[in-house]
Amino acid sequence: MLAAENYKDIEEKILKGERLSREDGIRLFHCPDIAWLGAMADHVRKKKCGDIVYYNVNCHVNLTNVCTSKCKFCAFGRDLEDKGAYSMSKEQALAVVRDAMKDPDLAGLHVVSGLHPTWTFEHYLGIVKALHETFPHLYMKGFTGVEITHFAQISGLSIEEVLIRLRDEGGLQAIAGGGAEILSDRVRGELCPNKATADQWLEVARTAHKLGIKSNASMLYGHIETLEERVDHLLRLRELQDETGGFQTFICFPFLPKNTELGKSVKQTSMWDDLRTMAISRLMLDNFTNIKAYWVMLTVPVAQVALGFGANDIDGTVHKETILHDAGATSPTALSENQIIRIVKEAGRIPASCDCNFNIIKQYE
Amino acid sequence: MNDKIATARAKAASGERLTLEDALALYEDNDILFLAQCARKAKEKKSGRKVFYTVNRHINLTNICSANCPLCAFQVEDGDKRGFTLEHEDIDRILADAKKVRNLSEVHIVSALHPDKPFDYYVDVVRQVREALPQVDVKAFTPVEIVNFSKLTGKPVREVLEILQSAGLDSLPGGGAEILSDRVRQIICPQKATTAEWIETMKTAHSLGIRTNASIMYGHVETIRERLQHLFTLRDIQDETKGFQAFMLFPFHPGNTKLGEEQQLKRAGSWEDMKMMALSRLILDNIDHIKAFWIMLTMPIAQLALGFGADDLDGTIGEEKIIHAAGAKTNTGITRAMLEKMIRETGYEPVERDTFYHEIAEG
Chain A
258 MLAAENYKDI EEKILKGERL SREDGIRLFH CPDIAWLGAM ADHVRKKKCG
308 DIVYYNVNCH VNLTNVCTSK CKFCAFGRDL EDKGAYSMSK EQALAVVRDA
358 MKDPDLAGLH VVSGLHPTWT FEHYLGIVKA LHETFPHLYM KGFTGVEITH
408 FAQISGLSIE EVLIRLRDEG GLQAIAGGGA EILSDRVRGE LCPNKATADQ
458 WLEVARTAHK LGIKSNASML YGHIETLEER VDHLLRLREL QDETGGFQTF
508 ICFPFLPKNT ELGKSVKQTS MWDDLRTMAI SRLMLDNFTN IKAYWVMLTV
558 PVAQVALGFG ANDIDGTVHK ETILHDAGAT SPTALSENQI IRIVKEAGRI
608 PASCDCNFNI IKQYE
Chain B
1006 MNDKIATARA KAASGERLTL EDALALYEDN DILFLAQCAR KAKEKKSGRK
1056 VFYTVNRHIN LTNICSANCP LCAFQVEDGD KRGFTLEHED IDRILADAKK
1106 VRNLSEVHIV SALHPDKPFD YYVDVVRQVR EALPQVDVKA FTPVEIVNFS
1156 KLTGKPVREV LEILQSAGLD SLPGGGAEIL SDRVRQIICP QKATTAEWIE
1206 TMKTAHSLGI RTNASIMYGH VETIRERLQH LFTLRDIQDE TKGFQAFMLF
1256 PFHPGNTKLG EEQQLKRAGS WEDMKMMALS RLILDNIDHI KAFWIMLTMP
1306 IAQLALGFGA DDLDGTIGEE KIIHAAGAKT NTGITRAMLE KMIRETGYEP
1356 VERDTFYHEI AEG
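Protein chains in written order, with our numbering: chain A, 258 to 622; chain B, 1006 to 1368.
Check before you lean on any hint, since a few could be wrong.
Said to hold, decoys possible - Residues of chain A clear of chain B, computed beta-carbon distances all greater than 12 angstroms: (1) 275; (2) 337; (3) 376; (4) 456; (5) 518; (6) 617.
Unchecked claim - Calculated pairs, EDC-like style, for lysine to aspartate or glutamate (alpha carbon to alpha carbon, straight line, at most 16 angstroms): (7) A:602 to B:1034; (8) A:602 to B:1277; (9) A:303 to B:1277.
Quick caveat, the hints were computed from the structure, so don't treat them as lab data. All C-beta atoms in this analysis are idealised placements derived from N, C-alpha and C, irrespective of residue type, glycine included.
The task is simple: from the sequences and hints, build the whole structure.
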């Protein structure tokens, strides 16, 4: 294998399967040779998880866009009285899923929503319960560490109690990866001071993992964070994963600036940055099995090439994505299963639909 | 990994000349990150850390075309209300505008095969551009158009080229090559220059000292063998003439085309684009530059292509009509600052060039 100049030591570590240090991670972010970075990440991906690429046939349900958090990177959140604010009733949420059920292969739900100022935890739980009871065969993945922290705060319950009720009454099987943003108090203080802190977000994941509930992890990059902060973020996730082993997949979210407050001063990341960040995430997160190329955010062309940069998961059909399309995402709001299969096969890999815990439902050799 | 693939990989990694069988093995292997690493090395051997761009303007003289190629979304038939043809006063206006462009180094003229316009019209356009912009390179007319001029006038290709050259033509663009296979051309563009005519025009141009580009349009009805053979055909011509300056890849945009509709074609994915980019750099070991034509690829993919062997982003193009008629979603223009920033992000050095890859000093 050809090695990038000055990176032979890191290449050696990677080929031997040795853990990379913080310094290594920072150096990787300064490596101009994207082909080498990709090849390294691809080598690790192949060794660790073979040629299968996972996807879900799923439906996103965003119960409300009313949100008290006011994060500067968000184009989805609204005040109650804002134009375009919506809060679904139980019936409306059921209707969204009924519509998605037109796809006979629909396997599960991804439920993520705003922090509504007047909704109680019981209210959220009531809707999830209704969804679960009406569609018991659909897997239930939902709620980020931010929402769960919020539920604990508004209900007076502990994180553990919130999680147990969501699991036992709402059928929750896995927690969504969002809300991690950058796990740095400096960055969160500037961008999202009104929601879960870095420690709180990690604590939700830790608690869930102890209860046997798996969760995902993510990183929102390309805004005000430094490259060092990106590396530190990855290291905090790696550290918790060492402790619990409960993270299933890691998702890179490039910041989409359109219609956000922060977008007035920050431009969208390039495909170049997206792919090297993907590759470096694969290399640093040596204890994660899965790395997701989330096409909704990356666009389909970037997500497809990302399969060569360490990714082995391409998310799902999604049905009707709204959060990121409010921020000007140019990708379609859904992909058909056939489109996903074609994208994966063109990359020479094996598409497999799976549930929210990576159990394979159908595999296409 | 089979033996063929192992051999081909070893050759690609060491920069040895590839055979068609090697190329097919690498294609099958489908390891685009490996190809990218080899292509990057090949690129750096040719152009070091430089990535070129040029300040140019495209002029499409007409979209009224008698060729009626199923692959095209640009052409319309005579009498269609979307049809346009620029007259000399329209071109005067465009040139007056072009004169204001700082460091303009090239005017690129590609058009349809108009059923009525005589050859003199085109010669006059070249003369008109040459007079208005004496310092600017005139790159005009693909071999398809040149062959058409030859048919219109009854003059041989050589004479057509000589007339254009004396009117001020500097070079030919690389379009119209599509896939150099008569089987494929019968399906995608039966009415225009054949494989032999395209090749002969290029060789004749090169013999007259007219440099040209070359291209491929892939992702329609061609087999992979035909697609890769096309690259070897170009390599053979180049061995003989050394007249190609740059090679471009055009993924087929099926939107709004008869071909796309009839054959139910989908746009090749970005994976395929990057694979072809790297393979082209490796196969075409005798062509100096590989151009990532951002207007066709989209800017993000063109930037990524710089990691897959490309060393040229083409230009700060004013207005492009042909590919946008097929639904390309790119902007129709980009500034020098944007191009330079994109190149720097890849770790390479932006270099402004003219048509002939002479570097242009800070202007």
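Structure-based check of each hint:
1. 275: Residue 275 (chain A) clear of chain B: closest Cβ-Cβ about 21 angstroms, beyond 12 angstroms.
2. 337: holds, 37 angstroms
3. 376: holds, 39 angstroms
4. 456: Fine: 34 angstroms to the nearest Cβ keeps residue 456 (chain A) off the interface.
5. 518: holds, 24 angstroms
6. 617: holds, 22 angstroms
7. A:602 to B:1034: holds, 13 angstroms
8. A:602 to B:1277: holds, 11 angstroms
9. A:303 to B:1277: Cα-Cα ~20 angstroms, so violated.
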